[in-house]
Amino acid sequence: MSLIQDTMQNDFKRTAYIKTLGIYDWLFAAITLYGTYYAWGEYQHLMDVYEVGILFGTGLSLIALGWLWKPSRTLMLAVAGLSLFGVMQYGSGLAPAETNFFLRFLFSSQSAIMWMSALYVLATVTYFIALFMESEFTGKVATAMTWSATAMGLIGLMVRWRESYLISHDVGHIPVSNLYEVFVLFAIITALLYLFYEAKYKTRAMGGFVLLVISAAVAFLLWYTFEKGADEIQPLVPALQSYWMKIHVPANFIGYGCFALSAMVGVILLIRERAGEGSYAARILPAAELLDDVMYKSIALGFAFFTIATVLGAMWANEAWGGYWSWDPKETWALIVWLNYAAWLHMRLTKGWRGTQMAWWAVVGLFVTLFAFLGVNMFLSGLHSYGEL
Amino acid sequence: MQSNKAKTRKSTGAILLEFLGSMNLAITVLVTIAIASVIGTVLQQNEDYASYIIKFGPFWHEAFESIGLYDVYSVWWFLLLLGFLLLSTSVCVYRNGPTMLRDMKHYRLNAARNSLKAFHHNRIWQVQSLPDEAINLVTAQLEHEGFKVRRKQHDEHVVLAAMKGGINRLGYLFTHIAIVVICVGALIDGNLPLRLAMLTNDIEIETRDMPASQVPAKSVLGDDNPAFRGAVNISEGESANIVFLNIRDGYLVQKLPFAVELKDFRIEHYPTGQPKSFESDLVIHDDDLAEPLQETIAVNHPLVYKGYRIFQASFSDGGSKLVLKAWPLQDDKLQTLDLKGEVFGKVPLQVGDKELSIELTEFRKFNINPVTGEDGKTEQKNFGPSFTYKLREPSGEAREFVNYMSPIEQDGRWYYMSGIRSSVAEPFRYLYIPTDSNVSIERFMNFRAVLLDAARVRKAAELTVKDLLFDVPQAEESVRQGMITTANRLVTMYATGGLASITAFIETSIPEEERESAAQAYFNMLRTVLGNLYIEVLQAEGLEPAKGVSEADSAFFDDAISVMGNLEAYATPFYLQLVDYEHVEASGLQITRAPGKDTVYLGCVMLIMGIFMMFYIQHRRCWAWIGKTDKGVEIIFAGSSNRNERDFAEDFDRISGRVAARLGINKQD
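Same order as they appear, the protein sequences are chains Y and R. First residue of the first sequence: 1, per the numbering used here; consecutive thereafter. First residue of the second sequence: 1001, per the numbering used here; consecutive thereafter.
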């Protein structure tokens, strides 16, 4: 009797979350904490109290991310290790960039970002091949490519951060300050979000479509690099010299990434609905409910982070421009994007709208977002003119 | 019938409330605000009215102005839209808030057996144990799962109702109340009383350009004004106790309860030339202070004093003192004139019988421009100080000039750069005036004066013709005289009208078929006479051109005649050289008062918290209907969630599995 009781107990016992964490989780947390502490010890004289807060907040957030989404632990450790390796190859000057084998071909920011670009484009093609050939192995290759591209992109940004300090101490800054850098960030964040949903929903059929938007970003990035020499590290204008940049920009790009992802999922949904049930497209593409769910989750996440980003932006504006809201074109377009997705969420949650009309709306939303992100800088003038073409 | 009656009985107030709280209205308002905002970004706001007239023409300008498109974000209909948003959200909270709160606490203990059976997520079990035992086990398991459980004994059965994540409903309240809070904060800072006073003309916008002390009282706001954003320029060493609020095509003067003095303004640059920091050393003078408060502000680092916040916003010239030298360009005597002026000031200048006015508009200590070197690499290079001025004719017409103080190197030679344009819309066209061996502009000016000296030109023309006809002694006197006249005329035309006048002369006086050869001959002759005049200039400097002219001096000649050939475009009686300066800077401060800021921030925090509660906490409910049937005890276990149906399906599988396990039911059942 007692034996039966025991086994039964195991069946209905809900394990506390903390007990589900394995040795790798704790090791990861320890390494991350140590890294954060080390960075603080090494660079605290360069940081103000807010930046110290951001540093430790980031450390803890990364641990939380790693625990909630296991594969990200390996990514983070790999990026940290390889970035450190790259930084060490540099030593105390930029000269090795031309002579050192590893820097020249792999880990200098420019090389790493080129690897990222190539891998994302290859992954896009591979995902489509996997989709049409219905080959699981090819799909796995595409996933691996996406992970690698993301790792290379992150290494590129990390090393670039160091490179900026190697140019000159006062030039150094986190690489989220101009259009070139945020495009890399956009590609990485969109890919990470996609990888998360890929694992969660156990389907690779969305990969090619989502990576299309990343490939478009890569195409722009390459044009921007080779035509305009945008990859050159520029010093920060006084308005950008603030700790706010470190939180405002990444939060914004989580939002943009989510909106881009939801729009591409919307495209899949539209293709699927157009083809109709029982068609070839319906067979190889995920179910409409799944797509609808991804679209909603992604917009909800994006909306949450976009709200945070806009609030942070307002707080920063209050410190830099003297007012939390000036109806500057960038602010206004952020509001327009926000209103658009607020309306989208209202329609879905209270009116229960689903399917093609929401998909169309999500696609239109991407264009609104795109204008807020790029169009404002290209066509309108204002205070927020850091990412001019 | 019943419901129909109820409908007709609805009061107007209730209908209005329903309309205001309706989702359709909310979405319509959201979309309309978005569209109005788009207009505001596409149409540049609060620009100079003159530039609007140029852009749209008087008709559209009038139309746009009357519906407030130049100041969309504070025009009445936009504020009305925001008001509607506020009202709609408030009504929404008023109508749904109580339901939401009730929903958080209400366990729905009266769930009927059939309705639970109809749930999308349910399990039906038969167990042999006693009802009480089953009730305890289910309750224990649900509590273990983090649910709060309530129990109700009905006649024949028991209903267990459980829920989790009720805080999700608070998310709804938080987000919507947040919008109201943010709007209220923004309204406080939007300063409605001031707007009303402007509507009723108790306060009038001043549009004239005048010293602040002369602005009429109707355009001056006292220091009790609770909210504003103003700007003021303060020159180094001066102070201000007012700021200007720019409104539409005019401004208001806002008094401050203290004075701000600017001690020093500094710009630091990166090695590449881009600005690195803007800083102002300020001193606050206030009777409440035991001694003046000294503080340095920079971009991103404002000073907060008595609820006023002082920002580094811009910078400009604070009336730098310039020492100038005017070189005549249309006079045969090289008489220079020493002038003194201040930036933003005017210097009168008498030229002949014309009264000209030099308006000094700008002084720049550094001009850092990209320069592409021979290796194709672009570098940032400092071109040194420059100043900009407008030369105004008595007729009111003006041309704008920008002159650099130091010569600039190009291909190993040094030039004084001078730009001109006749309207602000054009880019500057630059002259590169060559310098002599002392890197001075003097030789060029000497050469210029000689060209305008009729007697010397005549002599040089004679000399040139003599040289030309050296091999033809038999030439007739009339031919000789004719050639001298032509040479003389060419130089005179060139000196006064530039190359263009000679080209025009050829086109009007010589038949087309002979033009090419004639032009060739004319330009050769002109060049020779100019060369002879140049030799005179060199001789006057004490050089001995007969022994050969250095490469630099001959390059100077080519540069000089090319500049003089285009000098008529310069169309000015003198060249202004900047000899010395005393740089006075001014810092542009923005001073604000925003008492609603903290309210807005509170709203923002509520908004973010609310959004996360709404999306990431699900309000989940489970029920267990437990009753006796003939076969034993029947348990109907059902669940529902208000969000994320997909995730809940998985969770329900897990939860019901564990409940079943605790009840001792095999999963296969």
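The hints are simulated quantities; they were obtained by calculation from the structure and are not laboratory data. This one's a predicted model, so the numbers in the text were calculated from it and none came from an experiment. One or more hints might be untrue.
With a straight-line Cα cutoff of 30 Å, these simulated BS3-like cross-link-like pairs (lysine-lysine) come out [to be verified]:
1. R:K1306 x R:K1325
2. R:K1055 x R:K1390
3. Y:K13 x R:K1390
4. R:K1263 x R:K1148
5. Y:K70 x R:K1340
6. Y:K13 x R:K1354
Derived contacts from chain R toward chain Y, CB cut-off under 10 Å, selection only [said to hold, decoys possible]:
7. Q1045
8. K1276
9. Q1294
10. T1296
11. A1594
Beta carbons are placed, not taken as given, at the ideal position from N, Cα and C, and that holds for glycine.
* Cut-off 10 Å, beta-carbon criterion: hint that Q1294 (chain R) touches chain Y -> Because about 21 Å separates Q1294 (chain R) from the closest Cβ in chain Y, which is outside the 10 Å limit, the hint is violated.
* To do: With chain Y as the partner, please determine if A1594 (chain R) meets the hint condition of a C-beta pair closer than 10 Å.
  => The hint holds - A1594 (chain R) has a Cβ within 10 Å of chain Y, the shortest such distance being about 7 Å.
* Taken at face value, is the distance from the CA of K1325 (chain R) to the CA of K1306 (chain R) at most 30 Å? -> 49 Å, violated
* For the hint on K1276 (chain R), just tell me whether its beta-carbon gets within less than 10 Å of chain Y. => 7 Å, holds
* Between K13 (chain Y) and K1390 (chain R), does the CA-CA distance stay at or below 30 Å? -> 86 Å, violated
* Pairwise hint evaluation, K1390 (chain R) against K1055 (chain R), where the allowed Cα distance is 30 Å at most -> Answer holds: K1055 (chain R) to K1390 (chain R) is near 24 Å, not above 30 Å.
* Asked: Within a Cα-Cα threshold of 30 Å, do K13 (chain Y) and K1354 (chain R) meet the stated pairing?
  -> 102 Å, violated
* chain Y contact restraint on T1296 (chain R) - CB to CB distance below 10 Å -> 14 Å, violated
* Straight-line alpha-carbon gap K1263 (chain R) to K1148 (chain R), limit 30 Å -> 66 Å, violated
* Proposed proximity, K1340 (chain R) with K70 (chain Y) (alpha carbon, max 30 Å) -> 74 Å, violated
* Asked: Holds or violated: is the Cβ of Q1045 (chain R) closer than 10 Å to a Cβ in chain Y?
  -> 7 Å, holds
Hint compliance for this structure: hints 1, 3, 4, 5, 6, 9 and 10 are not met, and every other hint is.
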